[in-house]
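Visitor: So the chains spell out like this:
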Amino acid sequence: MYSEADAELPFVAEADEAVLIGPPPAKLSYLNADAILAAALSTGARAIHPGYGFLSENAEFAAQVIAAGLTWIGPPPAAMEQMGDKIRARNLMAAAGVPVADGSAEPVTDADEAESLAKRIGFPVMIKAAAGGGGIGMSVAVDSQQLRSGFETARARAERFFASPAILLERYISSARHVEIQILGLADGRVIALGERDCSVQRRHQKVAEETPSPGVDAGLRERMLATAIRAGEAVGYRGAGTVECLVDTQTGEFVFLEMNTRLQVEHAVTEMVTGIDLVEQQLLIADGSDVSFDPGSFAVLGHALELRVYAEDPVRFLPSPGTITQWEEPAGAGVRVDSGYVAGNTVTPHYDPLLAKLVVHAPDRAGALVRAMEAVAEFAVAGLKTNLPFHADLLNSEEFSSGDYDTSVVSHLRP
Amino acid sequence: MLWEVRVTEIRAEMVANVWKVVATEGDSVADGDTLVILESMKMEIPVLAEGAGLLTRLAVAEGDVIQEGDLIAVIE
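Chains A and B supply the protein sequences, listed in that same order. Residues 1 to 416 (this note's numbering) are what the first sequence spells out, left to right. Residues 1 to 76 (this note's numbering) are what the second sequence spells out, left to right.
Derived from the structure by calculation, the hints contain no laboratory data. Just so you know, not all the hints are guaranteed correct.
[Unchecked claim] Here are the computed lysine-lysine pairs in the DSS-like style, where the Cα-Cα straight-line distance is at most 30 Å:
#, chain 1, residue 1, chain 2, residue 2
1, B, Lys-20, B, Lys-42
2, B, Lys-42, A, Lys-358
3, A, Lys-358, A, Lys-27
4, B, Lys-20, A, Lys-386
5, B, Lys-20, A, Lys-119
6, A, Lys-27, A, Lys-386
7, A, Lys-27, A, Lys-207
8, A, Lys-207, B, Lys-20
9, A, Lys-386, B, Lys-42
10, B, Lys-42, A, Lys-27
11, A, Lys-386, A, Lys-207
12, A, Lys-358, A, Lys-386
13, A, Lys-358, A, Lys-119
14, A, Lys-27, B, Lys-20
[What the hints assert, rightly or not] For each label pair, taking beta carbons as the anchor points, the in silico distance ranges come out as:
#, chain 1, residue 1, chain 2, residue 2, range
15, B, Glu-44, A, Ser-409, 21 to 31 Å
16, B, Val-22, A, Gly-51, 33 to 43 Å
17, A, Glu-17, B, Ala-52, 56 to 66 Å
18, B, Thr-34, A, Ala-111, 13 to 23 Å
19, B, Thr-24, A, Val-338, 30 to 40 Å
20, B, Glu-44, A, Thr-347, 41 to 51 Å
21, B, Glu-25, A, Ala-15, 21 to 31 Å
22, B, Glu-44, A, Ser-144, 22 to 32 Å
23, A, Ser-412, B, Glu-68, 24 to 34 Å
24, A, Ala-111, B, Leu-71, 30 to 40 Å
25, A, Ala-68, B, Glu-9, 46 to 56 Å
26, A, Arg-190, B, Val-22, 50 to 60 Å
27, A, Thr-347, B, Thr-34, 23 to 33 Å
Owing to the predicted nature of the structure, the values given are computational and were not obtained by experimental measurement. Built from N, CA and C at the ideal position, the CB exists for glycine as well.
Work the whole structure out from these sequences, hints included.
Guide: Below, the structure is given as structure tokens:
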């Protein structure tokens with residue numbers, strides 16, 4: 001299914017059957033549950049894979065899909081609902097023995113309340129939308145004044161983007177790595193963990209590059225994090241692919257639960273490269289009630305994988321750069337995988353996310369992966385609009401990133 | 001006696017949707033005031049007054065799709 005804005009894109013031509021579901025604004029097309037269900041029913045589809053973004057974490061939509069007699073390729077709507085609200089998820093995780101940062105146990109409704117809570121937690125604090133995602137409305141406050149303005153901004157954005165003004169506060173960890181665990185809830189009820197991904201390379205709280213294994217996680221920490229992620233999945237009766245996001249405090253080496261993404265992640269490809277497991281295939285098998293395609297008791301993690309998100313944005317200020325692609329030549333070769341959505345001649349519209357492609361490399365070790373990534377970035381030729389490929393070249397060449405000793409502030413050091 | 005009237009045209013830097021029109025035609029604006037908020041690729045981009053003056057024209061409305069180089073506002 002596609003919107004009018006995407007009619008010319010390769011995914012429409014590649015599909016056996018394609019259904020137009022509405023005009024460019026997402027709320028009239030990709031967020032229009034009725035149009036999507038009608039398209040599924042008119043084509044005789046038996047299942048819906050929600051991808052990532054849009055309605056993929058919408059429990060109400062998942063329930064509608066099931067009520068329409070279709071298979072929902074995702075977790076049970078109840079698990080999505082429990083994890084969809086960040087405050088509820090924090091409370092649930094704390095009860096299951098998963099470490100959470102000091103913060104709100106219920107929504108903060110006004111600025112005065114926010115201020116007294118912040119004083120109890122201790123500045124700096126993180127302000128977030130309870131129903132949020134993608135870093136929208138998130139900010140750090142170092143004092144009461146910043147807290148009040150950040151609170152109002154977060155409320156306005158939360159209302160607009162997530163239709164819920166609920167806000168939470170959390171203790172801010174000044175130097176952290178963003179490390180997440182891939183879990184799979186199997187059809188028989190077991191929950192397994194397929195290793196971690198380090199997603200600390202972020203701009204505007206949105207991921208730009210991800211790697212696995214994390215250079216900041218040792219064997220002992222990994223073991224504890226994977227065990228915790230499994231407990232988190234078990235606490236909500238999880239099925240299918242999900243991700244438990246955590247922050248690792250680089251000073252203490254301890255980790256806290258951040259949130260759970262009840263869907264496939266954009267960066268799932270790095271896990272696929274080191275495990276050889278096709279995660280989308282597992283999602284389909286689990287949704288069908290079948291066994292996964294590998295032995296859940298023994299699988300190997302081999303080598304190092306790195307993903308670079310190629311965005312349509314200028315590589316200095318990271319401002320959106322929609323436009324028409326006049327040249328598109330992808331790198332190829334051993335250990336190089338490109339998942340892309342565009343070819344030369346396509347127009348990238350301002351309506352959706354700036355993600356053009358995911359450049360993923362795999363090598364026996366991290367040093368080898370970095371070299372392979374540098375070569376692939378140099379080979380990737382895109383013209384007609386600006387991309388962040390020059391930023392990726394700078395990232396790979398930086399001492400901070402190549403040393404492996406970096407945290408979520410790495411992008412701000414490269415682009416002060 | 002000669003009066004110099006400096007006219008500043010503010011144009012779009014990129015293709016975008018007009019999310020919010022904050023200012024009103026006829027307003028006196030200060031340098032750096034937010035006139036309009038654009039949205040492109042899920043990012044809000046405020047359009048600011050480049051100098052103080054009288055906002056004599058606002059060429060966009062909420063919901064418009066504007067192209068790079070399109071006129072957004074005129075300040076005199």
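Visitor: Taking the earlier hints as the rules, which of them does this structure contradict?
Guide: 5, 13, 19, 20 and 21
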